[in-house]
Amino acid sequence: MFRYYLKLSILSIRANPALSALMVAAIAIGIGAFMTIVTVRHVMSDNPVAHKNDVLYHVRLDNWNPNEPYDEPNEPPEQVTYLDSTALHEAGRAFRQTISFKSDRVVQPEGEDAKPFQQEIRATTADFFAMFDVPFQYGSPWDTAADRSEERVVVLSSEMNQRLFGSEDSVGRMITMNKELYRVVGVLADWMPIPKVYDLNNNPYEKPEGIFAPFSLAVSGEWGSSGNNSCWKPTGGGYEAYLASECIWIQMWVELRSASEKGAYMQFLDDYVEEQKTLGRFPRELNNRLDTPAEWMVYQEVVDDMVNVLLSLAALFLVVCLLNTVGLLLAKVMRRTNDISLRRALGASRSALFSQYIIEAGMIGVTGGLAGIGMTWLGLRGIENVFSGYDFITYLVSMDWTMVLVAVALAIVSALGAALYPTWRACSVSPATTLRIQ
Amino acid sequence: MDIGPIWRAMLKNKAGFVLIALQIAVTMTIMVNAFAIMQERANNTARASGLDEANTFALVSASFAEFDREEQMTLIDEDLALIRGLPGVKSAVATNSYPLRQGGWSMALQLVPGNQTADSVGSAIYFVDEHGVDTFASNIIDGKNFTPNQVAWSAEDDDTWPAHAIITEALGKDLFADEQGSYVGKTFYINDNDPVNVVGVIEKLQAPWPSWSGVEKSMLVPQRRPWDFQRYVVRAEPGYRDALMPQIEELLSNSNNDRIIRDMIIMEDVRENAYLDDTALIKILSFIVGTLVVITGLGIVGLASFNVSRRTRQIGIRRALGATKPAIVRYFMVENFLVSSIGLVVGGILSVALNIAMVEAFSLEPLAWYVIPLAMVALWTVGQAAVAGPARRASNITPAIATRSS
Chain A
1 MFRYYLKLSI
11 LSIRANPALS
21 ALMVAAIAIG
31 IGAFMTIVTV
41 RHVMSDNPVA
51 HKNDVLYHVR
61 LDNWNPNEPY
71 DEPNEPPEQV
81 TYLDSTALHE
91 AGRAFRQTIS
101 FKSDRVVQPE
111 GEDAKPFQQE
121 IRATTADFFA
131 MFDVPFQYGS
141 PWDTAADRSE
151 ERVVVLSSEM
161 NQRLFGSEDS
171 VGRMITMNKE
181 LYRVVGVLAD
191 WMPIPKVYDL
201 NNNPYEKPEG
211 IFAPFSLAVS
221 GEWGSSGNNS
231 CWKPTGGGYE
241 AYLASECIWI
251 QMWVELRSAS
261 EKGAYMQFLD
271 DYVEEQKTLG
281 RFPRELNNRL
291 DTPAEWMVYQ
301 EVVDDMVNVL
311 LSLAALFLVV
321 CLLNTVGLLL
331 AKVMRRTNDI
341 SLRRALGASR
351 SALFSQYIIE
361 AGMIGVTGGL
371 AGIGMTWLGL
381 RGIENVFSGY
391 DFITYLVSMD
401 WTMVLVAVAL
411 AIVSALGAAL
421 YPTWRACSVS
431 PATTLRIQ
Chain B
1 MDIGPIWRAM
11 LKNKAGFVLI
21 ALQIAVTMTI
31 MVNAFAIMQE
41 RANNTARASG
51 LDEANTFALV
61 SASFAEFDRE
71 EQMTLIDEDL
81 ALIRGLPGVK
91 SAVATNSYPL
101 RQGGWSMALQ
111 LVPGNQTADS
121 VGSAIYFVDE
131 HGVDTFASNI
141 IDGKNFTPNQ
151 VAWSAEDDDT
161 WPAHAIITEA
171 LGKDLFADEQ
181 GSYVGKTFYI
191 NDNDPVNVVG
201 VIEKLQAPWP
211 SWSGVEKSML
221 VPQRRPWDFQ
231 RYVVRAEPGY
241 RDALMPQIEE
251 LLSNSNNDRI
261 IRDMIIMEDV
271 RENAYLDDTA
281 LIKILSFIVG
291 TLVVITGLGI
301 VGLASFNVSR
311 RTRQIGIRRA
321 LGATKPAIVR
331 YFMVENFLVS
341 SIGLVVGGIL
351 SVALNIAMVE
361 AFSLEPLAWY
371 VIPLAMVALW
381 TVGQAAVAGP
391 ARRASNITPA
401 IATRSS
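One line per chain: the protein sequences are A and B, in this order.
When the first sequence is numbered by the working numbering, its final residue is 438 and no position is left out of the sequence of numbers.
When the second sequence is numbered by the working numbering, its final residue is 406 and no position is left out of the sequence of numbers.
For reference, chain B alone in the conformation it holds in the complex (with noise of 0.2 Å):
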């Protein structure tokens, strides 16, 4: 249709088209770029840590006096029977750390004694008993859970590492890559030369530190360790948590004075403190996008409007040589989108050059390829938005404009 002459007008005022095609080319960049960013975080943030979250909480026994290694034995002892009696309580468990803490024990592990090498595969290191994979909600797959006899107190002056364990599937996919069959019954070696047979497989059980690479490895130690700071892990029937809480505070409080409880804390919490910076980079980059779209959809009107009353004249005479409404909207809306072309596609190279730097520099996921077709499509469609404004206002330019002079 009449692409030709629209192309050729605007070849007459190249600096302004050539301007609004840049603004909508960076705006492209920035877009796709925060996007990318965007999509990543919320990826991260959706991840499952394996736990009961809804119906998990947390809390801290800190002993301040000097209590030997048999006395904050009983302690903790007594401290466990008296939340596991508590109505309401479907489990719980004395443990180092939990998913999405951001604290805990690592061990690199590896398949022949020795010490540990670039082969060695890291694992975060969960304590417990056998109430570990109750409480942590875990799923055993493959196997089966320690036995009551499996489970024993760390000795005092020896580091040894207990013989049995049960592993997420992702650390056992990593640590036996080249092996076949079920994992349970295999042997690892941890602190150099101890070696520990897979009793279990669970499904699913994050690391403590969620931007880790290997959050998915982790393990389970069928140890218990009698430090005077000890973190309690408590799993609530539904319904019941929100009331256990202040009550398990309480009971804990006042059974033993030389001792403080604290941090006690919801695993959603938990959840969102770990994901704060991803939670508040996507708040950042979609109010940068926000904003940006908004002021490009204002200047792409500001600039249309301009030029409608700079060609008020002009579109007069043509409307008095026959051009109907539609035909001058028509014009406006083809004259927009020919720029906005323009820009995208610019916007489209620009998008991956600063991709390919940002991955380079900042080591970040490179884009997903339908992200630039999806935010061409949506600057078109503000574009043209934009335009119809000002388009409409033009095609309401009587013919008899023409006859007057300006």
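Excised from the complex, chain A in its bound form (with noise of 0.2 Å):
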């Protein structure tokens, strides 16, 4: 029966082929519209530390100016001060902790006519690879000994590894930047958090680092900070004063593996805020704040915005394409009024004829989902024009199999709903009526 039905469709179809082909493009195109704004979102949104997004914590102190908050309503500082960041690191009191801060320095390459540029470091503590789950392809991180020592080692990613040393293991080799020689002891394999979720202070679609370095090493040989700045006092001259200061630059983020060992730690933070307001500072009430990475991420807005805004024209938009979709099925069912009459009339169930005309709405469902999925690539790819100024579009504008099976779970869901009524119309002719007039 299901493949006489099949027939009965595909003749049916066939039968209006221009209003046919008008519905099942008006489900692809809605489809793909809602589905290329979805999975931007769904990248740009995505977490790539959910598996420890329980252990992770990052760090906010309230240091800021008595007379207003940082942010509004009393939010703490998104950065925590040289002063701060180092005691509590020196502290070690979580089982992990990192402090780190984006920095640029001139790398020289060897070779005559190889040509210096300028390259973006991560000044980072030890336990920055481990706590972000950094993988490795040759070496290993610093280890902690080298964040008090001052040690001039470097992890390079593997890009920049490609770029000094064509990708050979490069562990024990040295490089110069700023005419100071550093010994590579790591490279990363290919790492790529979406979105920059160690730190969001800056733009968190962009790639990490191409250097890591120890954060004590960077300050003394006095490296400026590339990111976020923020102070609410004067600073006095010179980069002793600023190290001094109360200005917020640096990223904090701590590793604790159980409720009691955030209790803990948040009781540490408040003890060591009421130490530093007996030296006079802090003016401000205890403020402290442990965030998760997910937490994080949804104060720093990682998603725009004008992502939400697009995401719901757009699915306003699949509606328009849906209601487009009932109306056209309708018609057609009303059409064919005196059909059903006297199939009715001659003994069609109203199951057969519900069965019947589900089918034809199924298939034109699942034309339109499969020709959605091709319709979101297209999306994909105008987004990607749209916005090609961006380096790093190419990577929020990936498609992935999850989301396929959402487009077409989708398109026959939303096609055998805007079949339903139309469906049911056609099953309530009663056998008779239509026939007495002709």
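Hints may be right or wrong, so weigh each one.
Here are the in silico distance ranges between beta carbons for each label pair [stated by the list, open to error]: (1) A:M174 / B:E250: 30 to 38 Å; (2) B:I265 / A:D169: 32 to 40 Å; (3) B:A163 / A:G389: 19 to 27 Å; (4) B:N254 / A:G237: 32 to 40 Å; (5) A:E222 / B:S255: 23 to 31 Å; (6) A:E90 / B:K186: 30 to 38 Å; (7) B:E250 / A:E90: 43 to 51 Å; (8) A:D169 / B:N254: 31 to 39 Å.
Think of the hints as simulated: they come from the structure by calculation, not from any bench.
Just so it is clear, CB atoms sit at the ideal spot from N, CA and C, and this is done for glycine as well.
Hey, can you piece these two chains together into the complex? The hints should help.
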């Protein structure tokens, strides 16, 4: 019977090629537009450390201006001062802890013709790599001893290793930055956390830095921060004064393995701030925060509002496309009222008619859904095209199998949903009424 | 005229018309809200930066050898002398940033000394020498430019702020909101306690962040900073820019090997980068609205065609009873007009509701009132155009069809 209905459906679809094509196209375009935005949003809001979301915490302390909060309503600053970050890191009270900032140096490759180039660097501490599950291709991170001894070591990204050493195992080799030599201790495997969760204060959608160097080394070399920096009171001149200032420019994360560890660390932070208050710092009320990566991503609004606006408009767009299909299916049914009456009079049951029309709608839905995958792909290429000024856009417009499956499921569900009312109308045609007029 | 019978006929096939009215309503909702966003973005991108954008470009010199302070100052002086000496260069300056660059320095200003408060006014800071005004193409509307002896290098271990500044009119308006008369000669405080005297007011110079609500507030500070990272902004005579760029890059690269020259960029590209999001959004939304109108239009064509073929016999009967061709066309046009009107009234309400929700959730600008009637007229036109074809076909049905059995 199913095959017979299938045949009937194909006949019916073929009887009105233009309208059937319009229905398929409407579903495909609606699904395509919606899934394009859903896919981009899915990639943008992904949590690259979801598996560690219950153990990683971003640290905030409120050392801000007594007259006004850093951000309404009473939010502490997004970053930490040098004074506090180094004191907390030195105390080592968490299972793991890392403090870091973004900087840049000029790398001078070996060889006569090689041109020096400016390179973004992350000044960080040994635990960084373990905390964010950074994969290594060669070598390993520096150890915590190197954090203290200002050892002249670096870890390279795989891309940087490719550029400087042609992808060889470069552990033990030297690189020159600003005319000073550094020894390579490790090379990362490909690593692209999207968004760049460990530093959401700056652009969350950019590649990780190409070179990682010890925090203490960077500070002793007086490297400046190339990331976000805010001060609420005068700092005095010079690097020393800057380190001693209330300016915030360092990102701090801790790893706490249980609720009790978290509680203890919170207590430790509170005690630390109370102690600093006696020294005349921290003029505001106690306001320390530990945020999980997911919470921190929401706070930092990694997904631009515009994506959400587009998402709601695309959802409405899909609604229009579906209304369009419902209307056309209904018109089609109404036009065949005579057929239906005749078939009912000849003994076709309601469920038989129902199956037949739902199969017809299902076929339109499946075709629309499959075409919708193609439309989504086109939509993503369109997004890539209009944002071609961003190097990083390629990473945000990739489609994965989950999204393809969601698209097909959405197409079938919406097409069947769209078919329900027209089908119900078809089945409720009584056998006699229309025949009587003829 | 014949609205009554048309209306009653429509009531007999409610579902179909309700669907099309709903479709028109939602189409209008999307159209109106997309248009409101597009308009806001288009207004943003159209704002002038204040620069002579067509003739200006910027570059970075980053020193990587151990330059001491004196050496770095000499290098900057030599670079500027080199650039300014070239034929075709109108003006050049070493500064920390420029409009539309999306990165820069801001400070809180206030009328009384002390820690910044909620009343402090934020302003972008551009460190310049006496060539800053000309390079940024700033029109001094009050007071005057810095004199060369007001410009100084920053001191090594002292962050006291220079005592003079040139401010934009927008900054003066915000900072001295309650005061009368010229801003020139007035004093404000920066860096908490350092007094600054306004020597000049310029008409327009945007801050480096185009999305900042205070984008028109900026000030020129007569201080030079011997950082190993310098941004040079060059304003060329008309027609010289493209030739000057490679020339300057080569001259500077060759003059000193312990630095790199990079990020050379024309202001048109800076502007494009700064408004990339806005232009992309405008393109995406226009595409959505365009496709939507086509789909809705085709949907109306499809439904009308169905209706015409379903009613072939009735139309034939009407023709046989003396209805003229224009009367048949008019029937379908009026029918579409009625459905559209219902849809557009509902759409108007939905549009405003969605706009209120979006303004609330995403702090967008509220919609301009005239967008609603504009969208209504547009969609009425689309509806009438879409129904015209099927209506004409209906009018071509011969009266004789009434005599045939279906």
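Hint-by-hint comparison with the structure:
Distance hint check: the CB atoms of M174 of chain A and E250 of chain B are about 31 Å apart, consistent with the given range 30 to 38 Å. For I265 of chain B and D169 of chain A, the Cβ-Cβ distance of about 38 Å falls inside the hinted range of 32 to 40 Å, so the restraint holds. Between A163 of chain B and G389 of chain A, the C-beta spacing of about 41 Å breaks the proposed range 19 to 27 Å. Distance hint check for N254 of chain B and G237 of chain A: the Cβ-Cβ separation is about 33 Å, which falls inside the suggested range of 32 to 40 Å.
Range check, E222 of chain A to S255 of chain B: about 26 Å between beta-carbon atoms, so the 23 to 31 Å window is met. At roughly 48 Å, the beta carbons of E90 of chain A and K186 of chain B sit outside the given window of 30 to 38 Å. A hinted range of 43 to 51 Å holds for the C-beta pair E250 of chain B and E90 of chain A, which are about 49 Å apart. The supplied range of 31 to 39 Å is met by D169 of chain A and N254 of chain B, whose beta-carbon atoms lie about 38 Å from each other.
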